[in-house]
Amino acid sequence: MAPLRRDACRGRGAVGTCATAQVALCKATAGHRQLVLQLGGSGDSPRLREERRRRSVEACELSMGLRRTLLAGLRQGPASPVERQELERLWVLFLSALELFLQDLYRAQHLCQLFSMQGGGVAPLRTGLGGWGLPSRRGGGPTQPPTAQCLEEEIEQVRATLAEMESGANIPPWTVEATETTQPAETSGTTQRAAWGGPCAGHCCGVL
Amino acid sequence: MTVTRLDQGQRYRPRMAFLKKIEALMMEMQNPDTGIKTQTQTVTITSIPHAVTGNDIMLWILQRLQITAEEALHLGDLFVKYGYIYPLQEPKNLTLKADGSLYRFQTPYFWPVQSWAADDTDYAIYLAKKNIKRKGILEEYEKEHYNMLNQKINYKWDFVIMQAKEQYKAGKERKKEDRYALDCQERAYWLVNRTPPGMLDVLEYGLDRVTDPNENKVNQIMYYQQAILKTRVKSSVSLGGISEYGLECLLQVLDALALPVGRVVKYSEQFLSNDPILSGCLPSNPWISDDPEFWDLNAKLVEVPTRMRVERWAFNFSELIRDPKGRQNFQLFLKKEFSGENLGFWEACEDLKYGDQSKVKEKAEEIYKLFLAPGARRWINIDGKTMGITVKGLEHPHRYVLDAAQTHIYMLMKKDSYGRYLKSPIYKEMLAKAVVPQEGVKKRQVKLAVIVGTGLFGRRHLRSSPSPIILRQQEEEAKAREAANTVDITQVMSKLDRRNQLQKEAPPK
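Line by line, the protein sequences give chains A and B.
Once you know that position 79 of the first sequence is 79 in the working numbering, the rest is easy, because the numbers rise by one and skip nothing.
Once you know that position 68 of the second sequence is 68 in the working numbering, the rest is easy, because the numbers rise by one and skip nothing.
Bound-form chain A, shown alone (with noise of 0.2 angstroms):
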């Protein structure tokens, strides 16, 4: 992670600004996750759903502002092949990470409907979490916003962008080598192979 950086910050601004975008777009993702967990546990509460909410608004700002700078820098045709490498690299990072989001999003739709707030047919289920956050005070902020909805504009707007950016840019998602190198555990008995040490061969057949 920390040399990524150092590289990314000595590049050109635009991979420089993806590369942070795309760090805070995994961290919302990340907490967004999170509170999905807790969606129909007893965990799960009118404030917990806001604060879903305002996850998700947030990874969809920052999805959209992501795209449009790398779409713009893709567009451009970068100077060096290198952060066009790069470029292409975020690129693929990033529809992962939407495509990651919009799964939960699904999840926390179907959620949503069997354990809806309103009506309280449904008792949640006894997880064993605490309530999110500070003790939760119903009916402390403005009345309950039309959950249902708000999620289904969500979806159709991360399906929209992601729709657009598989179309957008001509990008085969097997051209990208990753750069990670974090060794995984040893198996018993197996010999390390040569794939590990830095990036492997471009075009993995690990695409079935």
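Because the hints were derived from the structure by calculation, they are not lab data.
Cβ atoms here follow ideal geometry from the backbone N, Cα and C, with glycine treated the same way.
Check before you lean on any hint, since a few could be wrong.
To be verified - Pair ranges (Cβ atoms, derived):
no., chain 1, residue 1, chain 2, residue 2, range
1, A, E152, B, Y400, 51 to 61 angstroms
2, B, R209, A, E164, 49 to 59 angstroms
3, B, R209, A, E166, 51 to 61 angstroms
4, B, E28, A, V82, 34 to 44 angstroms
5, B, D212, A, A72, 38 to 48 angstroms
6, B, T46, A, I155, 35 to 45 angstroms
Got chain A; can you put chain B on it based on the hints?
Coordinates of chain B only, in the frame set by chain A:
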């Protein structure tokens, strides 16, 4: 980018209706009045609420569904196996113990869903997270998965690591108890969805379906309604390219597979009396009464077949030709009609298609010499066009090279000889000779007979049927003998013809 996007929806997961039912029960269990009582689980210095004992779960199911204790235990065990409840003290042992062992409900986020399977990317992130938490703590099979995923989705590996780190950080922000509970949940989820070796994978359902089980079926219903009303279109008209015999087979398979519905009804009605499960079998079902007489009476080439079997030959031509005894009888009839070579040819083609493929060339050669060559010993009468196609194909023989000719002969037999066969004395004789077995002794009587026959401690001596290898050898020998002895009348006739012709030609000197 995940590869599923390229899937184009060609494969669908099966409908899993039971998931919704389990979910409903899970939600009922939460009811503060009628649900299950919870306790607190103490873990080192913290305590986490909402733990339930296995015994309570079983008793609740027992009481709610009004079933036996054994069933309740089994059902509860399934709940644990599918990941709706997870054990706290022995996390890897996904069974329900009807004692004081503690369990907790899984958060709905981690419930199994019909529409999507557990994602590889998610799993990669989970493993990466586990790896980050404490280096090298992954189990053997997890390490293998990790390495495999690294290769498989290498292009998004940076994302995986990044996301794992962020999720880990997000987890750290929570209270210790919550963090523990979240970890337990996630671990349980992946135990169910990526089972360690040696554990039963309950979510395994075989191959994906080709049709979408959730698709709106309205159009299909309309189609079936129309199909029942419509009369069947002559097959050769609509699909010229496909071999008609193949199409015939296909249509029969489709018939049997229940599209269109009207055909199914007719088929079911016709075969109802023949179905051993629905209509019972005489003398008795061997699986129940331990008496193999049913199998003996219905052996492949038994001397005297059962009446049901002979009646079945009259349903349609494929039933006749499918039954070896039927073919034998039909062959007798064809011999009288001087078209025995037709069935011989058909059987030879079947052998070519389904027999030893290493001998395809020799077999095809022999068939040509015996049936197709001009002046062949058992020359079959097919039209010039088909003969041309076949001979041409025989230059490069393969298993389906005789399909066109076989279809022609099949159709000839079906449309021409079959009708006459059913009215022939040969068939009627067979029908009269056919035996109707008496209904065998009832089970209880059989048991008594067994005890009496063998003494209270003896086992009844069950003789085994002859080995299939030996049976096959016998069949081959019988076939060879018959092939050598068959003299079709056409051969004789053609010889006479030729002699006459020679005599006619000879005189002018």
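The hints, checked one at a time:
1. A:E152 - B:Y400: 51 to 61 angstroms: The hinted range 51 to 61 angstroms holds for E152 (chain A) and Y400 (chain B), with Cβ atoms some 54 angstroms apart.
2. B:R209 - A:E164: 49 to 59 angstroms: violated (31 angstroms)
3. B:R209 - A:E166: 51 to 61 angstroms: violated (27 angstroms)
4. B:E28 - A:V82: 34 to 44 angstroms: Once the Cβ atoms are compared, 60 angstroms apart, the range 34 to 44 angstroms for V82 (chain A) and E28 (chain B) is violated.
5. B:D212 - A:A72: 38 to 48 angstroms: holds (40 angstroms)
6. B:T46 - A:I155: 35 to 45 angstroms: holds (37 angstroms)
Consistency with the previously given hints fails for numbers 2, 3 and 4, ordered from lowest to highest.
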